[in-house]
Amino acid sequence: MKKLFIITGEYSGDIHASHVAKAVKLANPDIEIQGIGGENLRNAGVKLFSDQKKMGAVGLSLKIIKDHFKLGRRVVDYLTKEYRPDLVLLIDYGAFNLNISKFLKKAGIKVYYYIPPQVWASRKWRINTIKKNVDEVLCIFPFEKTLYEKYDIKTHYCGHPLVSQLPPKADRDKFFEAHGFDKNKKLVSIFPGSREFELKYLMNVFINSAKDLKKKHPDLQFCISHAPNLSDKVYNKYLKNSDFKVIKGENQALLSVSDALILASGTVALEACLYQTPMIIAYRGPWLFYFIYLLVRCIKRVSLPNIIADKLIVPEIIQGNVNVHKITYEIEKLLFEKEIRAKNISQLGEVKALLSDKISSNEVADEIIKALS
Numbered sequence: 044m045k046k047l048f049i050i051t052g053e054y055s056g057d058i059h060a061s062h063v064a065k066a067v068k069l070a071n072p073d074i075e076i077q078g079i080g081g082e083n084l085r086n087a088g089v090k091l092f093s094d095q096k097k098m099g100a101v102g103l104s105l106k107i108i109k110d111h112f113k114l115g116r117r118v119v120d121y122l123t124k125e126y127r128p129d130l131v132l133l134i135d136y137g138a139f140n141l142n143i144s145k146f147l148k149k150a151g152i153k154v155y156y157y158i159p160p161q162v163w164a165s166r167k168w169r170i171n172t173i174k175k176n177v178d179e180v181l182c183i184f185p186f187e188k189t190l191y192e193k194y195d196i197k198t199h200y201c202g203h204p205l206v207s208q209l210p211p212k213a214d215r216d217k218f219f220e221a222h223g224f225d226k227n228k229k230l231v232s233i234f235p236g237s238r239e240f241e242l243k244y245l246m247n248v249f250i251n252s253a254k255d256l257k258k259k260h261p262d263l264q265f266c267i268s269h270a271p272n273l274s275d276k277v278y279n280k281y282l283k284n285s286d287f288k289v290i291k292g293e294n295q296a297l298l299s300v301s302d303a304l305i306l307a308s309g310t311v312a313l314e315a316c317l318y319q320t321p322m323i324i325a326y327r328g329p330w331l332f333y334f335i336y337l338l339v340r341c342i343k344r345v346s347l348p349n350i351i352a353d354k355l356i357v358p359e360i361i362q363g364n365v366n367v368h369k370i371t372y373e374i375e376k377l378l379f380e381k382e383i384r385a386k387n388i389s390q391l392g393e394v395k396a397l398l399s400d401k402i403s404s405n406e407v408a409d410e411i412i413k414a415l416s
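The numbering of the sequence shown is our numbering, which starts it at 44 and goes up by one.
Quick caveat, the hints were computed from the structure, so don't treat them as lab data.
Since we're looking at a predicted model, the values are computed, not measured.
It is possible that part of the hints are untrue.
Here are the computed lysine-lysine pairs in the BS3-like style, where the Cα-Cα straight-line distance is at most 27 Å [as the list claims (entries may be wrong)]:
{"id": "1", "residue 1": "Lys175", "residue 2": "Lys217"}
{"id": "2", "residue 1": "Lys259", "residue 2": "Lys283"}
{"id": "3", "residue 1": "Lys229", "residue 2": "Lys257"}
{"id": "4", "residue 1": "Lys45", "residue 2": "Lys175"}
{"id": "5", "residue 1": "Lys217", "residue 2": "Lys228"}
{"id": "6", "residue 1": "Lys276", "residue 2": "Lys228"}
{"id": "7", "residue 1": "Lys46", "residue 2": "Lys193"}
Taking CB as the label site, the calculated pair distances span [to be verified]:
{"id": "8", "residue 1": "Glu380", "residue 2": "Asp94", "range": "27 to 35 Å"}
{"id": "9", "residue 1": "Asp73", "residue 2": "Glu382", "range": "30 to 38 Å"}
{"id": "10", "residue 1": "Phe186", "residue 2": "Lys124", "range": "23 to 31 Å"}
{"id": "11", "residue 1": "Lys197", "residue 2": "Trp330", "range": "22 to 30 Å"}
{"id": "12", "residue 1": "Val277", "residue 2": "Tyr336", "range": "41 to 49 Å"}
{"id": "13", "residue 1": "Tyr126", "residue 2": "Pro211", "range": "33 to 41 Å"}
{"id": "14", "residue 1": "Val277", "residue 2": "Lys212", "range": "17 to 25 Å"}
{"id": "15", "residue 1": "Asp73", "residue 2": "Ser389", "range": "44 to 52 Å"}
{"id": "16", "residue 1": "Asp73", "residue 2": "Pro185", "range": "30 to 38 Å"}
{"id": "17", "residue 1": "Lys145", "residue 2": "Asp275", "range": "34 to 42 Å"}
For each residue, glycine too, the CB sits at the ideal point set by N, CA and C.
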C-alpha cells in the first residue's frame, strides 16, 4: 500500500488539504493518508499525526519558536524513521514546510509542494530551497508556473482552489432574515483576521471605523466575522465596547451578501474578489515585522486581487496609515459614489476571469497518483 503524508499549518491549508485527500481517496482508495491538519482533514478520513492548532500562532516569542521546533523534530523523526511515506505533500506554511523539506530530501522521500511560498512577492531566494528539496511544485496562479520553470523546477499549474471550492452567493434576503438584518439597508462587514495578533492590532480600529460610519450614516448596518479557528474567549475580549452583530462560521455567505467589506489582508480578499464584493484592505502588525517585510518584499502591493491584476483595484491601507479616517473615507466611496463602485465591481470581475476554471484539488490528486503509480 502506498503512503501519503500531508503537512498543513493553518486553517485555510486544512481546508485545501481535505479536498485533496477526498480526491485522492476517490481516485485510489488504497492509498493510505496521514498528516498534520485540523478538523477538515480529520473529517476527510485522514489520520492526524498532530493537530495544527498551535501552528497558527505567529511571532518571534521563544514559546512559538520552541513549539515549532519540537513539532518539526517529531514529524521528521516519524517520517524518516517510522512511517516512511512514498510522498509528502506540503501545503502553504512556507517557513515550517521549507525547513522540513530539507530533511525529507536527505532521507530520499519524494516531496511535492501545493500552494508554494509566494516567492514572487517576497523572499525570492526561497526559490533556491524549493529547487533543491522539492520534486514538483503544484502552483495555483498561472504566472507562478512561468517563474518556477525559469529555474528548471518541475511545475504543474492546478488552478486556484477557491474557484471550485467557493460556495455560490448566498440568498441575500434569506441571510438577512436569518440574522436579523434590515433588507432595505446596506451591510458593511468586518473581517479582522484569523490570527490572535491580527485582532490585537486591527479589531479596535475596525470597530471604531464602523462606529464612525454609523454616526455619519445611521442607516448602515454592520457585522463582524468571527474566524472559526479562534475561540469565543479570544474574540470576546475585543468586543467589550461593541454592540455590532458577530457571526461565526459563515464567512463566505457574509462576504457574498455584504455591500462593502473592511478586511485584513489574506485569502479572504480573493474570496471577496470572486464574489465581486467591493472591499478595502487595512493591515498592520508589529513594527519589527513590518520593517522586515519592507526589506524582503519583491512587490509593493499586498492584496491578491491587486497582485493578480498587476494594478491597484482594492484600496490598501497599511501599517502607520491605518486609522479611522482613512478607512471611513474609502468605504464611503465604495458605498455611495456610484461610478467608483461600478468600476470597482467590474475590475474585480476581470480578476476573477484571469483565474483558471480547473478543479484544483483534482489536479493535485492526479499528480500525486501519477507519482505513486
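Going down the list of hints, with the structure as the test:
1. Lys175 with Lys217: Not OK: Lys175 and Lys217 at ~52 Å, beyond 27 Å, violated.
2. Lys259 with Lys283: holds (22 Å)
3. Lys229 with Lys257: holds (11 Å)
4. Lys45 with Lys175: holds (24 Å)
5. Lys217 with Lys228: Given that 27 Å is the threshold and the Cα spacing comes to 14 Å, the pair holds.
6. Lys276 with Lys228: Violated: Lys276 and Lys228 sit about 31 Å apart, past 27 Å.
7. Lys46 with Lys193: violated (31 Å)
8. Glu380 with Asp94: 27 to 35 Å: violated (46 Å)
9. Asp73 with Glu382: 30 to 38 Å: Violated, at about 58 Å.
10. Phe186 with Lys124: 23 to 31 Å: Because 39 Å falls outside the window, the suggested range is violated.
11. Lys197 with Trp330: 22 to 30 Å: violated (40 Å)
12. Val277 with Tyr336: 41 to 49 Å: Given range 41 to 49 Å: violated, Cβ gap about 24 Å.
13. Tyr126 with Pro211: 33 to 41 Å: holds (39 Å)
14. Val277 with Lys212: 17 to 25 Å: Hint violated: Cβ distance 29 Å, outside 17 to 25 Å.
15. Asp73 with Ser389: 44 to 52 Å: With Cβ atoms ~48 Å apart, the hint holds.
16. Asp73 with Pro185: 30 to 38 Å: At roughly 33 Å between Cβ atoms, Pro185 and Asp73 fall inside 30 to 38 Å, so the hint holds.
17. Lys145 with Asp275: 34 to 42 Å: Holds, since Lys145 and Asp275 (Cβ atoms, about 39 Å apart) stay within the stated range.
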